[in-house]
Amino acid sequence: MVSMEREPEISIRIFSDPHLLATVRGAIDGLAKCVGFQDKSRALITLAIDEAMTNVIRHGYGNQTSGMIWLHMWRSVEPRGLRIIIEDLGKATEPSKIKGRNLEDVRPGGLGVHIIKETMNEATWEARPSGGMRLTLAKWLNAEELAAAYPSPSTPEQSEP
Amino acid sequence: MNIPLIIKSSTIETSLVLAPQGDIDMSKAPAMREAIKTALEAKPAKLVIDLSAVTYVDSSGIATLVEALKWTREGRISLTLAGVQPRVKTLLDITKLASMFAVRTTVEEACKT
Chain A
1 MVSMEREPEI
11 SIRIFSDPHL
21 LATVRGAIDG
31 LAKCVGFQDK
41 SRALITLAID
51 EAMTNVIRHG
61 YGNQTSGMIW
71 LHMWRSVEPR
81 GLRIIIEDLG
91 KATEPSKIKG
101 RNLEDVRPGG
111 LGVHIIKETM
121 NEATWEARPS
131 GGMRLTLAKW
141 LNAEELAAAY
151 PSPSTPEQSE
161 P
Chain B
1 MNIPLIIKSS
11 TIETSLVLAP
21 QGDIDMSKAP
31 AMREAIKTAL
41 EAKPAKLVID
51 LSAVTYVDSS
61 GIATLVEALK
71 WTREGRISLT
81 LAGVQPRVKT
91 LLDITKLASM
101 FAVRTTVEEA
111 CKT
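From first to last, the protein sequence lines stand for chains A and B.
At position 81 of the first sequence the residue is numbered 81 (my numbering), and the sequence of numbers has no breaks.
At position 85 of the second sequence the residue is numbered 85 (my numbering), and the sequence of numbers has no breaks.
Here chain A stands alone, though its shape is the one from the complex:
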């Protein structure tokens, strides 16, 4: 079902085993660095994707470690940043029911969706026609990161006549 017009820079398929998440975090951080994200943004991107995969393991697969999760990441040129798709074959959830909880209620759990929505520029959940869920995420470089990673061509110096 994956399509973003061209092949992703990175595609990973993992079992729904929480012990594998640390390995995936390393790949996410590496690509985000290549794209030009600085440390704080990379931390947020890694966290959001990690939370999304944790939610798949917990809610989609009911903590069973034999499920499959696919993670695809594209470098985006316009706007500059990253596009991400996470797919699974777990139990589907009605997208309108996926909501972050009220943070005034201080209690353990239920923070993942809030973190994803708070940290990413785009986050869209949908049920896959063939089963499971698909989450599409996007994160764009901020102005500082853009200037540092993709500096404008400097104006040529004027030579003396």
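Check before you lean on any hint, since a few could be wrong.
[Said to hold, decoys possible] Within a straight-line C-alpha distance of at most 30 Å, the following computed DSS-like cross-link-like pairs (lysine-lysine) qualify:
(1) B:8 <-> A:40
(2) B:70 <-> B:96
(3) B:89 <-> A:99
Hints listed in this document are in silico derivations from the structure and should not be mistaken for laboratory results.
Since the structure of chain A is already known, use the hints to place chain B on it.
Quick look at chain B alone, frame taken from chain A:
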């Protein structure tokens, strides 16, 4: 693949210090939770969680810290976080939980206050 979370435990005056090392994510949070529960059974005057060697925490780890906060309040035990790393601080800020915890730069400061 299944690397256990290392949690060093020590006592400084009346404080019990727990110092986890590595990431506290969905796979490691249960071990952290058990360590905190066990530590609180000794009913210390103060529990200090030294996060200086923790570079990554996800919402499972945050949930464990919130549980620790709840348990220490119920047991009238003081809880302080020490050595919170920038990425962990960012998560506490995003979840608007930073103000819920007493935070000190070092374990020594946390044990004194």
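With the threshold set at 30 Å, check whether the alpha-carbon distance from residue 70 of chain B to residue 96 of chain B stays at or below it. At roughly 16 Å apart (the allowed maximum being 30 Å), residue 96 of chain B and residue 70 of chain B satisfy the hint.
Is the Cα-Cα distance between residue 8 of chain B and residue 40 of chain A 30 Å or less? holds (28 Å)
Are the Cα positions of residue 89 of chain B and residue 99 of chain A separated by 30 Å at most? holds (23 Å)
Violated hints for the displayed structure: none, as all numbered hints are satisfied.
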